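Asker: Listed here are the chains, written in short residue letters.
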Amino acid sequence: DQQVKQNSPSLSVQEGRISILNCDYTNSMFDYFLWYKKYPAEGPTFLISISSIKDKNEDGRFTVFLNKSAKHLSLHIVPSQPGDSAVYFCAASDFTVSGNTPLVFGKGTRLSVIA
Amino acid sequence: GAVVSQHPSRVICKSGTSVKIECRSLDFQATTMFWYRQFPKKSLMLMATSNEGSKATYEQGVEKDKFLINHASLTLSTLTVTSAHPEDSSFYICSARDPGQGLTEAFFGQGTRLTVV
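Listed in order, the protein sequences are those of chains A and B.
Just so it is clear: in the first sequence, position 48 is 48 by our numbering, and no numbers are missing.
Every number in our numbering is 115 more than the matching position in the second sequence, counting from 1.
Chain A with its partners taken away, still in its complex shape (with noise of 0.2 Å):
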């Protein structure tokens, strides 16, 4: 039973528009989200991440937006471009003093801008 889910598998989108990907939850444990850039044959990169307590979070061409009540979070990436192309996870997390709990991954979805 998948914990995270990423329904769309890949996305195609031009140059300069919005990307926009989602994530659904089902754990209501979860209190912490992330997500991850990952090319071929490298580690995941963080992008940005939101606590429980905030529907949004902002960092230059990327937002996260967090619906708690729907169990579903959304990264916004305007303007695309084509550097951005990449498989992106979504990740979830709950909260321990020591933060050292695992994340648990979506599967991931391959965006890829066409310029």
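These are calculated hints, taken from the structure and not from any lab test.
Being a predicted model, the structure only gives us computed values, none of them experimental.
In this text, a Cβ means the ideal position worked out from N, Cα and C, and glycines have one as well.
Fair warning: there could be bad hints in the mix.
What the hints assert, rightly or not - Every beta carbon over 12 Å from chain B, so not counted as near; a handful from chain A, in silico:
1) E15
2) G16
3) T45
4) K56
5) E58
6) T63
7) K68
8) K71
9) H72
10) S74
11) V78
12) T101
Claimed, not checked - Below, computed lysine to aspartate or glutamate pairings styled on EDC-like, alpha-carbon distance capped at 16 Å:
13) K156/B x E42/A
14) K179/B x D203/B
15) K157/B x E42/A
With the hints as your guide, set chain B onto chain A.
Answerer: Relative to chain A, chain B alone:
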């Protein structure tokens, strides 16, 4: 930000041999590290949680005798794939969170592409 280094980045080994993968936290002490495995076009699947000074905790379905984890120091965890077989070929990634920063992102190593021939 914190850095996690993983070595080697790729390894090819013969069936039946063992392979050791190292994961180091470079600028923080990690009492806990995590080992993931990624299958082609699949998500990152947690294999085990490596605990410094104690036994690793394995996820259901992961053979502890096949995937030996040692976390002998606060900056190093190793994953040894014993008696490797072609089906063990995969991309293995380690990660750690900096406990000194509380609720933060996890930092990932570069990953190790294991090919068993």
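Asker: Give a verdict on every hint.
Answerer: Evaluation of the provided hints:
1. E15: E15/A is indeed farther than 12 Å from all Cβ atoms of chain B, at 25 Å.
2. G16: holds (28 Å)
3. T45: violated (7 Å)
4. K56: holds (18 Å)
5. E58: Holds, because the least Cβ-Cβ distance between E58/A and chain B comes to about 16 Å, which exceeds 12 Å.
6. T63: holds (17 Å)
7. K68: Holds: least Cβ distance 16 Å, greater than 12 Å.
8. K71: For K71/A, whose nearest Cβ neighbour in chain B is about 18 Å away, the distance exceeds 12 Å, so it holds.
9. H72: holds (18 Å)
10. S74: Consistent with the label, S74/A stays out of reach of chain B, its closest Cβ about 18 Å off (over 12 Å).
11. V78: Holds, because the least Cβ-Cβ distance between V78/A and chain B comes to about 22 Å, which exceeds 12 Å.
12. T101: violated (8 Å)
13. K156/B x E42/A: Holds. K156/B to E42/A sits at ~14 Å (cutoff 16 Å).
14. K179/B x D203/B: Holds: K179/B and D203/B sit about 14 Å apart, inside 16 Å.
15. K157/B x E42/A: holds (14 Å)
Consistency with the previously given hints fails for numbers 3, 12, ordered from lowest to highest.
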